[in-house]
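Q: Listed below, chain by chain, are the residues.
Number of protein chains: 2
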Amino acid sequence: MVLEKMRHIEWKGDSLKILDQRKLPGKIEYAYLKDLEEFHQAIVEMKVRGAPLIGVVGAFAVAALAQEIDAKSKEEFLKEIEKGAEYILSTRPTAYNLKYCVNTVLKRISECEKIEDMRKVAVEEALKLFDMEKENSRKIGEYGEKLLNDGDTVLTHCNAGELATVAYGTALAPIRIACEKKKCIYVIVTETRPAQQGARLTSWELLKAKIPVTVVADTAVGYIMSKGMVDKVIVGADRITGEGYVFNKIGKYQIAVLAKKHNIPFYVAAPTSTFDTNIEHEKVVIEERSVDEIVFVGRKRVVARGVKVYNPVFDKTPPNLIDAIITEKGTLYPPFEKSISTLFSNQKL
Amino acid sequence: MVLEKMRHIEWKGDSLKILDQRKLPGKIEYAYLKDLEEFHQAIVEMKVRGAPLIGVVGAFAVAALAQEIDAKSKEEFLKEIEKGAEYILSTRPTAYNLKYCVNTVLKRISECEKIEDMRKVAVEEALKLFDMEKENSRKIGEYGEKLLNDGDTVLTHCNAGELATVAYGTALAPIRIACEKKKCIYVIVTETRPAQQGARLTSWELLKAKIPVTVVADTAVGYIMSKGMVDKVIVGADRITGEGYVFNKIGKYQIAVLAKKHNIPFYVAAPTSTFDTNIEHEKVVIEERSVDEIVFVGRKRVVARGVKVYNPVFDKTPPNLIDAIITEKGTLYPPFEKSISTLFSNQKL
Numbered sequence: 001m002v003l004e005k006m007r008h009i010e011w012k013g014d015s016l017k018i019l020d021q022r023k024l025p026g027k028i029e030y031a032y033l034k035d036l037e038e039f040h041q042a043i044v045e046m047k048v049r050g051a052p053l054i055g056v057v058g059a060f061a062v063a064a065l066a067q068e069i070d071a072k073s074k075e076e077f078l079k080e081i082e083k084g085a086e087y088i089l090s091t092r093p094t095a096y097n098l099k100y101c102v103n104t105v106l107k108r109i110s111e112c113e114k115i116e117d118m119r120k121v122a123v124e125e126a127l128k129l130f131d132m133e134k135e136n137s138r139k140i141g142e143y144g145e146k147l148l149n150d151g152d153t154v155l156t157h158c159n160a161g162e163l164a165t166v167a168y169g170t171a172l173a174p175i176r177i178a179c180e181k182k183k184c185i186y187v188i189v190t191e192t193r194p195a196q197q198g199a200r201l202t203s204w205e206l207l208k209a210k211i212p213v214t215v216v217a218d219t220a221v222g223y224i225m226s227k228g229m230v231d232k233v234i235v236g237a238d239r240i241t242g243e244g245y246v247f248n249k250i251g252k253y254q255i256a257v258l259a260k261k262h263n264i265p266f267y268v269a270a271p272t273s274t275f276d277t278n279i280e281h282e283k284v285v286i287e288e289r290s291v292d293e294i295v296f297v298g299r300k301r302v303v304a305r306g307v308k309v310y311n312p313v314f315d316k317t318p319p320n321l322i323d324a325i326i327t328e329k330g331t332l333y334p335p336f337e338k339s340i341s342t343l344f345s346n347q348k349l
Numbered sequence: 001m002v003l004e005k006m007r008h009i010e011w012k013g014d015s016l017k018i019l020d021q022r023k024l025p026g027k028i029e030y031a032y033l034k035d036l037e038e039f040h041q042a043i044v045e046m047k048v049r050g051a052p053l054i055g056v057v058g059a060f061a062v063a064a065l066a067q068e069i070d071a072k073s074k075e076e077f078l079k080e081i082e083k084g085a086e087y088i089l090s091t092r093p094t095a096y097n098l099k100y101c102v103n104t105v106l107k108r109i110s111e112c113e114k115i116e117d118m119r120k121v122a123v124e125e126a127l128k129l130f131d132m133e134k135e136n137s138r139k140i141g142e143y144g145e146k147l148l149n150d151g152d153t154v155l156t157h158c159n160a161g162e163l164a165t166v167a168y169g170t171a172l173a174p175i176r177i178a179c180e181k182k183k184c185i186y187v188i189v190t191e192t193r194p195a196q197q198g199a200r201l202t203s204w205e206l207l208k209a210k211i212p213v214t215v216v217a218d219t220a221v222g223y224i225m226s227k228g229m230v231d232k233v234i235v236g237a238d239r240i241t242g243e244g245y246v247f248n249k250i251g252k253y254q255i256a257v258l259a260k261k262h263n264i265p266f267y268v269a270a271p272t273s274t275f276d277t278n279i280e281h282e283k284v285v286i287e288e289r290s291v292d293e294i295v296f297v298g299r300k301r302v303v304a305r306g307v308k309v310y311n312p313v314f315d316k317t318p319p320n321l322i323d324a325i326i327t328e329k330g331t332l333y334p335p336f337e338k339s340i341s342t343l344f345s346n347q348k349l
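Chains as they are written, first to last, in the numbering used here: chain Z, 1 to 349; chain R, 1 to 349.
In short, the hints are calculated from the structure, not lab data.
This one's a predicted model, so the numbers in the text were calculated from it and none came from an experiment.
Mixed in with the good hints there might be a few duds.
Note that the list lumps identical chains together, so a pair holds whenever it fits in one copy or between two copies.
[Stated by the list, open to error] 30 Å max Cα-Cα, derived DSSO-like pairs, lysine-lysine:
1. 300 - 146
2. 17 - 210
3. 34 - 329
4. 260 - 227
5. 227 - 308
6. 23 - 300
7. 74 - 261
8. 261 - 283
9. 72 - 146
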């Protein structure tokens with residue numbers, strides 16, 4: 001695991017060291033996050049991105065803040081930490097893992113009596129979430145690799161790899177584990193406009209892992225499917241509702257429609273921290289980001305001044321387009337409303 | 001017609017003045033094509049692009065070459081001009097208009113006896129094709145606008161506008177004419193990676209024509225359709241076979257699949273010079289262009305060195321995904337095999 005050695009996220013005792021993903025693949029540049037504002041900015045500006053990773057970063061943001069708060073009572077401390085947590089949650093609205101991780105740390109803090117303990121458990125809990133996400137990714141990989149055959153070409157979108165998580169990845173974990181088990185897997189990744197996570201991050205990560213990868217434009221998905229070049233699709237998720245609606249990077253929905261049209265299995269890989277079983281899919285907020293992501297290419301303006309641009313960065317894939325959802329607790333199959341409900345009732349899948 | 005005043009293509013007696021479309025929207029820069037090599041390069045490098053436009057440019061390439069050839073006999077002249085024509089045809093394999101226009105000029109030349117006449121008719125014929133394409137676009141606009149209702153939002157892909165033709169455009173002609181007739185039409189255009197003709201050219205052209213236009217990433221098509229934001233799709237074509245298979249910019253096929261899924265009418269607009277009724281759709285060559293179109297963004301490398309890239313730039317939309325094909329001779333409806341056959345038998349549509 002080349003990237004793990006690189007430590008793209010590492011708790012340094014009083015700050016979080018992160019690899020600045022905006023600079024990849026051209027530059028390996030780290031940033032150190034300590035103040036709440038630095039964490040907030042790193043998530044907003046996508047120095048770190050990927051649902052599981054921003055979840056863990058959010059947990060460390062709360063942990064770091066806990067060290068800084070100067071409060072006279074538990075109540076005052078909790079008020080301050082909750083305010084800070086809200087600020088972190090306001091960074092990006094669509095992914096659920098951020099909420100899950102931040103709330104998990106908050107809950108643990110609120111169970112303490114002494115401020116000193118609160119500070120201590122905050123870090124403990126963030127580190128635990130870090131380990132848990134790593135472990136979850138590994139398990140997703142182990143369940144998911146069973147769905148892959150030797151020789152398969154797998155299409156993925158965006159980056160749901162090691163860089164989007166703590167290790168292994170979500171969508172890329174089954175591919176990594178399959179390769180560890182000596183299956184030959186070929187990956188095709190979309191460029192993933194506007195932020196180009198597929199072209200910039202996934203291909204770089206797989207190149208380092210020596211897994212064959214080819215980049216295509218987002219416009220080429222239908223064509224390569226129609227030519228029989230894709231055996232399976234595996235993608236990540238930012239939020240999955242109780243009915244199995246999957247919110248993820250813009251473009252995922254149309255890939256799912258195209259996969260169905262060409263009879264290609266469409267799999268989603270995500271840890272249970274991505275599941276939000278208490279929300280109706282109509283109510284999930286689709287983040288819109290700066291139009292500059294489309295207007296400018298580097299520093300060059302490619303869209304004329306005065307032209308409107310619309311830049312939603314997530315979309316929703318309905319359960320009827322999904323063949324399986326791979327979690328760390330096993331692989332879920334349709335009807336998802338039932339299999340997800342069973343999963344969260346802690347029943348056997 | 002703002003762009004027509006700008007004359008993005010103009011015969012200057014001994015050379016062809018063209019607007020360098022690679023530089024848009026940032027710079028208005030013209031180039032003058034005189035030597036065969038200059039014409040060849042302009043088409044290959046996409047200084048000019050768009051099936052009807054490169055057809056007309058190809059005609060002028062032959063006309064310009066006809067002035068240059070120093071031959072002693074008709075046979076020698078024809079041999080030279082055919083060699084030059086082959087070189088121009090080798091620039092881009094998918095669009096049919098280039099072949100149509102080049103061959104039309106060649107045919108006219110071959111009917112002459114004197115070399116002096118050959119030179120004269122070559123220019124005459126190129127100018128005639130120029131006028132014909134302009135007239136055809138206007139007629140496509142008039143037939144096509146009947147399919148548009150006041151208030152419609154029309155999605156288009158790439159640039160099939162004035163810049164892709166001599167005037168009006170193909171896909172954009174119905175929109176322009178509808179607007180002239182005081183219908184309110186809103187346009188959404190995809191960025192169209194890799195070469196960004198939608199973001200760079202279509203939005204610029206429509207902004208100048210004061211037609212409301214919004215740019216979206218290619219990944220957002222499924223999402224905006226699922227949100228009910230698109231009433232109709234109109235796109236251009238590079239080659240249409242006798243059975244109604246439409247070859248056009250990569251990404252068109254997947255838009256057609258998505259339109260069908262969301263019950264949105266999908267219209268193709270193209271002059272009859274785009275129809276190649278003598279070829280089987282399996283035999284049409286899909287051009288692949290330099291991977292640098294994806295690897296580099298301006299001068300910045302966004303895909304790591306060593307990663308493979310696949311860059312097909314056209315795809316094929318089957319007739320069963322198309323609701324109508326708008327030509328200068330009327331609008332064709334399914335079954336296209338029959339309506340196209342009728343069109344080319346000069347029967348009443």
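Q: Among the hints numbered above, which are violated by the structure, and what are their numbers in rising order?
A: 1, 3, 7, 9
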